[in-house]
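*Asks:* The sequence shown begins at 169 in the numbering used here and counts up one residue at a time.
Do not rely on the hints blindly, as some may be mistaken.
[Stated by the list, open to error] Here are the computed lysine to aspartate or glutamate pairs in the EDC-like style, where the Cα-Cα straight-line distance is at most 20 angstroms:
#: 1; residue 1: LYS247; residue 2: GLU396
#: 2; residue 1: LYS309; residue 2: ASP207
#: 3; residue 1: LYS309; residue 2: GLU396
#: 4; residue 1: LYS316; residue 2: ASP390
#: 5; residue 1: LYS247; residue 2: ASP207
Keep in mind that the hints were calculated from the coordinates and are not lab data.
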Amino acid sequence: MSPGSPSTAPPVAASTVSGNPASALASGEGSNTLRKIRDTGLIVLGYRAASPPFSYLDARLKPMGYSIDLCTQMVEAIKQRLDLPALEVKYLPVSSATRMPLVANGTVDLECGITTNTLERQKTQSFSLTIFLAQTRLMSKRVAPLRKLDDLRGLSVASTIGTTSIQLLHQANLNQQLGMRIVVGQDDHDAFRLLLTDRAAAYAMDDVLLRMSQISAARPEDFVISDEVFSVEPYAIGLPRDDAVFKSLVDGVIAGIYQRGEIQALYRKWFQSPIPPRGINLNLPMGEAFKRLVQKPTDSADPAAYR
């Protein structure tokens, strides 16, 4: 999720993200990340264990999801460019608290989760072209619905550790003197349980994740999600900082998926169809902002770029 700071970086058009010589990429020239992958014969993908439909484990404990599918295509492109068909892929679990440090220190090459691109986070890592647009909203119980931040005055509100939702809540508490008590879950499931068990009056998070929590509940009808949007969240794949060659390769994969129209089937698979293991269907139509993004890809951290 985004803190809402304006970006100074211009949008990256799809036509500008594909152009590095194959010979340079094959040798890893100009890219510390590609050189490391070539020399070790290994690429490390960070994944989230429980963030469907983006990144989670199936019944056999294999990572899957929308972000994983995108990263899988990136791995195939890296195999081709480095001429390493037997490249080993290692999946490493990350959390909201560990994902960015593991990218920053070089442990993770591609962070394939639900991370929002922000200017603050760009100080320690890079981000791909935007892969999804979420919006921060509130979930509350239907018997005591909360529609806007001012409704939280003097109440407890939950969110997940290490997310921009937490930053948003703290900022609102400070700026609007709301007197909220912010309670923190270790992951999205934990944060939702804080609402479920009445330890919080509301749960603030990205709308797609709130929707997943709601329809996964035993009684989805007991919960409501606010209409009011508090921020726009451009999700992206996390990348090592200051590696323009590697970023260009990754961005080229995403731009290609958009340009060839493959994003339509991929979106339907994860957001408009039953997904494993429980057959839950989000029934989430592609929003107009995301449609515009597909036509004109960008890696902007500025929420205004998507309005």
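*Asks:* All hints are to be evaluated individually against the structure, with a verdict given for each.
*Replies:* Now the hints, each set against the structure:
For the given pair, LYS247 sits about 44 angstroms from GLU396 by alpha-carbon distance, which is inconsistent with the 20 angstroms threshold. For the proposed pair LYS309 and ASP207, the alpha carbon gap of about 53 angstroms is over 20 angstroms, so the pair is violated. With a C-alpha separation of about 16 angstroms, the suggested pairing of LYS309 with GLU396 holds against the 20 angstroms cut-off. At most 20 angstroms may separate the alpha-carbon atoms for a hinted pair to count; LYS316 and ASP390 meet this at roughly 18 angstroms.
Of the pairs offered as hints, the one joining LYS247 and ASP207 holds, with about 13 angstroms between alpha carbons and a cut-off of 20 angstroms not exceeded.
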